[in-house]
Every structure is written in C-alpha cells, then in structure tokens.
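K.L.:
Under my numbering, the first residue of the sequence shown carries the number 258, and numbering increases by one thereafter.
Hints listed in this document are in silico derivations from the structure and should not be mistaken for laboratory results.
No residue lacks a Cβ here, since even glycine has one placed at the ideal position from N, Cα and C.
Keep in mind that the hints are not guaranteed to be accurate.
As the list claims (entries may be wrong) - Between beta-carbon pairs, the in silico distance windows are:
(1) Lys424 / Glu453: 13 to 23 angstroms
(2) Trp271 / Ala497: 32 to 42 angstroms
(3) Ala486 / Trp271: 20 to 30 angstroms
(4) Ala502 / Ala270: 16 to 26 angstroms
Stated by the list, open to error - In silico PhoX-like links for lysine-lysine, alpha-carbon gap of 25 angstroms or less:
(5) Lys296 / Lys507
(6) Lys409 / Lys484
(7) Lys337 / Lys449
(8) Lys507 / Lys313
(9) Lys312 / Lys454
(10) Lys454 / Lys401
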Amino acid sequence: MSMGSRPSVLEKAWYKNWPEGIPKSIDYPKIPLHSFLEKSAEDFPDKPAIIFLGKKITYRELNSLANRFATALYNLGIRKGDVVGLYLPNMPQFVISYYGALKIGAVVTGISPLFVERELEFQLSDSGAKAIVLLDALFPRFKKIWEKTQVKFAIVAKLGEYMPSVKAFLGKLLKKIPTAEVAPQPNLYFFKELVEKTLEQPPSVEINPEEDLAALQYTGGTTGLPKGAMLTHMNLVSNAVGCSAWLQAKRGEDTG
258 MSMGSRPSVL
268 EKAWYKNWPE
278 GIPKSIDYPK
288 IPLHSFLEKS
298 AEDFPDKPAI
308 IFLGKKITYR
318 ELNSLANRFA
328 TALYNLGIRK
338 GDVVGLYLPN
348 MPQFVISYYG
358 ALKIGAVVTG
368 ISPLFVEREL
378 EFQLSDSGAK
388 AIVLLDALFP
398 RFKKIWEKTQ
408 VKFAIVAKLG
418 EYMPSVKAFL
428 GKLLKKIPTA
438 EVAPQPNLYF
448 FKELVEKTLE
458 QPPSVEINPE
468 EDLAALQYTG
478 GTTGLPKGAM
488 LTHMNLVSNA
498 VGCSAWLQAK
508 RGEDTG
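Let the sequences and hints guide you as you build the complete structure.
P.N.:
Okay, here's the thing in structure tokens:
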C-alpha cells in the first residue's frame with residue numbers, strides 16, 4: 258500500500274463510528290474573537306447573552322458595556338499587546354472586561370480567585386500585566402503585592418453590581434455577598450462607575466487573528482512554576498467553532 262492511499266483508508270475507519278449530526282470538517286473563520294459578540298449583538302440584540310442570578314444582560318447591552326470598557330481601558334493608557342489581568346470569579350464583569358480588552362487589542366490573563374498573594378504576584382509579574390480588574394473582596398490580597406508588580410492601575414468590581422436589585426439589597430443587608438471596604442486611592446477605579454461615565458467610543462484596532470494574542474492562559478503548575486500558554490484569536494475562534502459543532506449549538510438559542 259502506498260503512503261498516498263493511507264489517508265483515505267484511515268478516513269473511512271475513523272468516520273465509521275463518527276457521531277451522527279457532527280460535521281466531518283469545519284471551516285474556521287479568520288476573525289478576531291470579539292467578532293462573535295459583535296455579530297450576535299447585531300443579529301440577536303434583545304436575546305439574553307448572560308443570566309446572572311436572575312439578572313438578564315442582552316447581547317446589545319453586553320456589547321455596549323464591552324465597548325465602554327474598551328474605551329475606558331484605552332483612555333487609561335492600555336494599548337495593543339498590553340496584558341490585562343482578570344482576578345474575578347464567574348460574574349458579568351469578567352465577560353465585559355474580557356471582550357472589552359480584546360476590542361483594543363489587549364491580551365487577557367485570567368487569574369484564579371483562589372490564588373493567594375504569592376501566586377497572584379507571580380502571574381502578574383510573569384505576564385507583565387499593566388492593569389487588573391478584580392473583585393473588591395480580593396483587593397486586600399492584591400494591595401499587599403501591588404508595588405512588586407508592573408500593574409499601573411486597578412479596577413475594582415463588586416458582586417452585587419449586576420445582580421437583581423432586590424437580591425443585591427438583601428444580600429448586602431444579610432451579609433451574604435462577599436465584599437471588602439476599598440478606600441479611594443490613586444490609580445484605583447470602580448468598575449460600574451468607570452463604565453457608566455465612559456462614552457461608547459472604542460478606537461479601531463487592527464487585529465491579525467492568526468498572529469495577535471488574545472490570552473495568556475496559565476498552566477496549573479503541578480510539576481513546576483505555571484507557564485503562560487500563548488493563545489491567539491484564531492486559537493480561541495477555532496475552539497469556539499469546534500465546540501459549537503460538537504455541542505450542536507444553535508445561534509440565538511443558547512445563553513451563558
């Protein structure tokens with residue numbers, strides 16, 4: 258058997274047990290990752306993109322918030338290639354910050370909210386992060402190591418900011434929402450206040466999906482120090498399209 262005939266034989270063997278309804282090949286678009294959000298905001302503006310403890314944020318609202326956050330980051334000096342750390346749990350501000358950073362060509366590094374000072378300092382220093390978005394309850398940890406990093410400014414988010422108003426009120430009253438008092442200081446901003454006072458005017462930044470980084474995703478560090486895996490926009494677009502195909506997701510019908 259010639260080498261040239263092997264692919265067809267292997268292909269037939271491989272596809273013999275291929276799941277029904279799953280495409281055997283996929284065309285991956287060469288687009289920036291945030292184009293998915295912008296397209297969904299255009300096609301399904303009033304459909305929910307996020308449901309957080311009962312609070313719905315539509316695709317139009319999410320894209321607008323991301324545009325405002327992108328503008329705010331740019332106004333604060335973040336430029337293409339700069340790294341922005343997200344020291345947040347699963348909450349709307351993570352999604353807003355993520356897409357906002359990508360829109361101006363910045364690179365996101367997600368930081369586990371379980372990290373203590375030593376781990377936080379390592380990732381911020383190793384990635385060269387110039388800004389951080391973090392939960393107010395985590396600010397005391399960051400404050401201890403801030404001067405040891407290259408972080409120029411911090412943006413503090415609160416868990417109750419995008420919760421239904423009744424839940425946010427009761428959560429605060431009954432002390433069920435993790436929080437910490439964060440006093441105003443130089444180079445410190447508050448997420449919702451910053452977004453609300455910023456106009457939706459993000460700059461146009463050219464992105465090369467195959468070359469430009471979207472994220473520095475750090476490994477677990479089980480056999481040594483964590484390492485930042487360099488993921489381009491195309492890497493993440495391919496992952497999203499591939500997962501969508503395997504999950505047989507339908508555009509406009511699924512909410513995160």
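K.L.:
Taking the hints in turn, state whether each one holds.
P.N.:
Verification of the supplied hints:
Taking 13 to 23 angstroms as the suggested C-beta distance range, the pair Lys424 and Glu453 conforms, at roughly 20 angstroms. Range check, Trp271 to Ala497: Cβ separation about 23 angstroms, and the 32 to 42 angstroms hint is violated. In this structure the hint that Ala486 and Trp271 lie 20 to 30 angstroms apart at CB holds, the actual value being about 28 angstroms. Between Ala502 and Ala270 the beta carbon distance is about 21 angstroms. The supplied range of 16 to 26 angstroms therefore holds.
Straight-line distance between C-alpha atoms of Lys296 and Lys507 comes to about 14 angstroms, which keeps the hinted pair within the 25 angstroms bound. For the given pair, Lys409 sits about 23 angstroms from Lys484 by alpha-carbon distance, which is consistent with the 25 angstroms threshold. Distance restraint check for Lys337 and Lys449: the Cα-Cα separation of roughly 23 angstroms lies within the 25 angstroms cut-off, and the hinted pair is therefore satisfied. For the proposed pair Lys507 and Lys313, the alpha carbon gap of about 19 angstroms is at most 25 angstroms, so the pair holds.
Simply put, Lys312 and Lys454 have alpha-carbon atoms about 22 angstroms apart, close enough for the 25 angstroms limit, and the pair holds. A distance of roughly 29 angstroms separates the Cα atoms of Lys454 and Lys401; the hinted pair therefore is violated under the 25 angstroms criterion.
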